[in-house]
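Novice: One letter stands for each residue in the lines below.
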Amino acid sequence: MVVVPPTAPQNGPSRGRVLVVDDDAALAEMLGIVLRREGYEPAFVSDGNRAVGVFQQTRPDLVLLDLMLPGRNGLQICQDIRTQSTVPIVMLTAKGDTIDVVQGLEAGADDYVTKPFKPVELVARVRAQLRRGETGQAENLSIGDVQIDVPAHQVTRDGVPIALTPLEFDLLVALARKPRQVFTRELLLEQVWGYRHAADTRLVNVHVQRLRAKIEQDPEKPEVVLTVRGVGYKAGPP
Amino acid sequence: MTRTTAPDTPTPVGPEPPAQPRLPAELTRVRRGLRRRAVRARRRARTLTRRVVGKALRTWRSSLQVRIGAITMVVAGTVVVIVSLVLFSQIRDQLLRVKRDAAIDQAQQGVLYAQTQVAGIATGDAASVRSALDRTVRGLVNRGGAAGDFEVVMVYRTGEVERTADSQEYVFDALPGDLRGEVDSGGQASKYALVPDENRQPQPTLLIGAPVPSDAAGSEEIELYYAFPLDQEEESLSLIRSTVIISGVALTLFVVGIGVLVTRLVVDPVRRAAGTAQRLAEGQLEQRMTVRGEDDLARLATSFNAMADSLQRQITQLEGLSQLQQRFTSDVSHELRTPLTTVQMAADVLHEARGDFPPQVARSAELLRAELDRFENLLTDLLEISRYDAGAAMLDSEAVDLGALVARVAAGMWALAERHQSEIVVIRPDEDVIAEVDARRVERILRNLVGNAIEHGAGKPIEITLAANRTAAAVTVRDFGVGLTSVDAQHVFDRFWRADPSRVRTVGGSGLGLSISLEDARLHGGWLQVWGHPGAGAQFRLTVPLTAGGELTSSPLPLRPATVRRPERPGAQP
Numbered sequence: 001m002v003v004v005p006p007t008a009p010q011n012g013p014s015r016g017r018v019l020v021v022d023d024d025a026a027l028a029e030m031l032g033i034v035l036r037r038e039g040y041e042p043a044f045v046s047d048g049n050r051a052v053g054v055f056q057q058t059r060p061d062l063v064l065l066d067l068m069l070p071g072r073n074g075l076q077i078c079q080d081i082r083t084q085s086t087v088p089i090v091m092l093t094a095k096g097d098t099i100d101v102v103q104g105l106e107a108g109a110d111d112y113v114t115k116p117f118k119p120v121e122l123v124a125r126v127r128a129q130l131r132r133g134e135t136g137q138a139e140n141l142s143i144g145d146v147q148i149d150v151p152a153h154q155v156t157r158d159g160v161p162i163a164l165t166p167l168e169f170d171l172l173v174a175l176a177r178k179p180r181q182v183f184t185r186e187l188l189l190e191q192v193w194g195y196r197h198a199a200d201t202r203l204v205n206v207h208v209q210r211l212r213a214k215i216e217q218d219p220e221k222p223e224v225v226l227t228v229r230g231v232g233y234k235a236g237p238p
Numbered sequence: 001m002t003r004t005t006a007p008d009t010p011t012p013v014g015p016e017p018p019a020q021p022r023l024p025a026e027l028t029r030v031r032r033g034l035r036r037r038a039v040r041a042r043r044r045a046r047t048l049t050r051r052v053v054g055k056a057l058r059t060w061r062s063s064l065q066v067r068i069g070a071i072t073m074v075v076a077g078t079v080v081v082i083v084s085l086v087l088f089s090q091i092r093d094q095l096l097r098v099k100r101d102a103a104i105d106q107a108q109q110g111v112l113y114a115q116t117q118v119a120g121i122a123t124g125d126a127a128s129v130r131s132a133l134d135r136t137v138r139g140l141v142n143r144g145g146a147a148g149d150f151e152v153v154m155v156y157r158t159g160e161v162e163r164t165a166d167s168q169e170y171v172f173d174a175l176p177g178d179l180r181g182e183v184d185s186g187g188q189a190s191k192y193a194l195v196p197d198e199n200r201q202p203q204p205t206l207l208i209g210a211p212v213p214s215d216a217a218g219s220e221e222i223e224l225y226y227a228f229p230l231d232q233e234e235e236s237l238s239l240i241r242s243t244v245i246i247s248g249v250a251l252t253l254f255v256v257g258i259g260v261l262v263t264r265l266v267v268d269p270v271r272r273a274a275g276t277a278q279r280l281a282e283g284q285l286e287q288r289m290t291v292r293g294e295d296d297l298a299r300l301a302t303s304f305n306a307m308a309d310s311l312q313r314q315i316t317q318l319e320g321l322s323q324l325q326q327r328f329t330s331d332v333s334h335e336l337r338t339p340l341t342t343v344q345m346a347a348d349v350l351h352e353a354r355g356d357f358p359p360q361v362a363r364s365a366e367l368l369r370a371e372l373d374r375f376e377n378l379l380t381d382l383l384e385i386s387r388y389d390a391g392a393a394m395l396d397s398e399a400v401d402l403g404a405l406v407a408r409v410a411a412g413m414w415a416l417a418e419r420h421q422s423e424i425v426v427i428r429p430d431e432d433v434i435a436e437v438d439a440r441r442v443e444r445i446l447r448n449l450v451g452n453a454i455e456h457g458a459g460k461p462i463e464i465t466l467a468a469n470r471t472a473a474a475v476t477v478r479d480f481g482v483g484l485t486s487v488d489a490q491h492v493f494d495r496f497w498r499a500d501p502s503r504v505r506t507v508g509g510s511g512l513g514l515s516i517s518l519e520d521a522r523l524h525g526g527w528l529q530v531w532g533h534p535g536a537g538a539q540f541r542l543t544v545p546l547t548a549g550g551e552l553t554s555s556p557l558p559l560r561p562a563t564v565r566r567p568e569r570p571g572a573q574p
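Top line first, the protein sequences correspond to chains A and B.
With my numbering applied, the first sequence corresponds to residues 1 to 238, in that order.
With my numbering applied, the second sequence corresponds to residues 1 to 574, in that order.
Since the hints were derived computationally from the structure, they do not count as laboratory data.
For every residue, glycine included, the Cβ atom is placed at its ideal position computed from N, Cα and C.
Heads up, some of the hints might be wrong.
Restraint-style ranges between C-beta atoms, simulated for each label pair [what the hints assert, rightly or not]:
no., chain 1, residue 1, chain 2, residue 2, range
1, B, V332, A, R59, 44 to 52 Å
2, B, Q278, A, A163, 35 to 43 Å
3, B, D331, A, S14, 36 to 44 Å
4, B, L311, A, Q181, 58 to 66 Å
5, A, R131, B, E431, 34 to 42 Å
6, B, I315, A, T83, 41 to 49 Å
Think about it this way: if two alpha-carbon atoms lie no more than 25 Å apart in a straight line, the pair counts; the simulated SDA-like pairs of lysine to any residue are [as the list claims (entries may be wrong)]:
no., chain 1, residue 1, chain 2, residue 2
7, A, K214, A, V150
8, A, K178, B, A404
9, B, K191, B, R157
10, A, K118, B, D381
11, A, K118, B, L379
12, A, K234, B, T547
So these bits of chain B aren't anywhere near chain A, every CB distance computed over 12 Å [unchecked claim]:
no., residue
13, L27
14, R61
15, G187
16, A306
Starting from the given sequences, assemble the full structure and let the hints guide the process.
Specialist: Following this line, the structure appears as structure tokens:
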């Protein structure tokens, strides 16, 4: 679990811009208070129709998106942002049901928080998503015919680049770094999403499927990300 | 029916010399074999009989048509037999009476004729007597009569001498003694008897005898006998008999046929109604019966359809309500959770800053946060159970290593167990147990069970046991606490039920945990059961099929623990 420093910088340099897309004024304000305490710079939009426009203006480092919005459906906003940007998206959802969560993840969200959540949970999610891409020494990995240039954040097959979101990239790198290890879903949750206890393996399942759709020749017969029945996933042979 | 299978007392069969011990042994063996075979044959026969009788009984019970057909046959048959018997005897009596009247009439005329012919016979010698008798007999035969064919015998007797004259000689021999006795004593008599015909075949015959009065005052007596063969009447009666039998059988069959036909007319629509009702019950709500005509069966069809309409309307209404309920659940979920999130975040911010507050305000912030947690748990459980009530819960199955899952649950509950000074002991098989389950739900069930065990475990160890067979996996959670009475065990899965309402709540569950766990188990097609005994603790057992959608027949672990008393020292630790 990510440790939240008890005394957060109130007026120091911003640790990142966060766009809060939520129609509930009280919750949005409360989110703003919590995010500011942690040193993030929040921006707000309450109308679904204006969300994409505000996103383009503010260029946030992360989007907090409520799935149920007046005007435009959160899922549509999620898809629209995904077509323009690989910015991390964390959904706020009131429904823990499989379908809602899976739909959100399939629409392009990287992670989700189910209402009601605690500030510490939210901040952990935000921080985990923003930390992506911070690490980087010269490192080249390969699984099958897929090449991964870690510091450049680039994945290629036969020289053709494949566009991955930072989360998908991290997932692939985690698997590629230990080619012989079988990763349980819980381990992947911890390493990629930064979870320690909250074990929602649907996150892993959906993102593995999205990753496969992008990097596998035939997603039905995966060769890069293999399933180990009853345990989890592992990288294919290099 | 009593059956004796014990061997009978051995009775020696044939000579059994005691000097040869081998032979009796052989014999006994053969005899035993035979007896066994006989017993088997008897048993087979009994089984066969029972099967046939059983089948007949089943048909009798299950088919209205068969029952009505059989009853009609018995009733109609009885009536026809009685009517036939009465009819037949009436016809026979009438036939015989006519014959008899005609015969008596003829005999009386014959007597008058004979009287004129034999007058003064006694004065003649033997030859003249004979010729007079012969002549009379011929005359009688030639006169004929209205009563059909007949034979005549005349007997003339003086003292010890008896002369006879007859149209057929064997008729006299066949005259029964009692008839002759009656005639002898001076009266006219008639009798039915078997008299041989010309082929010496006995024929039913009407015999009439009468004394012929003679004017000679001597010891002479003349008797006249008529024999009317009844062969024609016999023939008529046999014809009538066969006619009555044939028409009786035909009538019975006809009545039975009508009965079956009428039943069919009634039963067919009823069967159609039954079929439609069955299809309705299977969920084909648009099924209706065709209404024809305006009779009772049409009324049946009409009211049946009205019932189906009302049923369909109500079910559709209920479905609508259920959708409404689901919608409501979803809306409440969102509407309640958003403000709760805000409140909870605010409470958290206050809680973190409580060091700057005066003590009472700081304590309030603590209470606020703690109670909000409880509120959240309760809300989560309520929404979960209403999701089950709405039928909206869905299973998200995948292959899961149950051993790892159990270990994870045990690790997660370790802190709580430690607070209650309980130990958690995990017993799992060496090999992996992989089952297709919804890991989130199974984990929730186990967390509930373990939490429950810790709460009621009285600080004694908690045992979690995992086992599997070819089709199912089971996890038992055993505590050695206060235990459960059988009444408690019946209610333990009820919503908001507490074993002892006065007891202090330490874990602070919502009261819905076990209800949700039970629903979770059912969603898997699994079982969640409880065993308990006051003072001996309790054991919950979760059994799930290894493959999603699999059916359970047995559980790899017993529900009732083998050792009811507390173990001395737990071996393994998680």
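Novice: Which of the numbered hints are not met once you compare them with the structure shown?
Specialist: Hints 1, 2 contradicted; others consistent.
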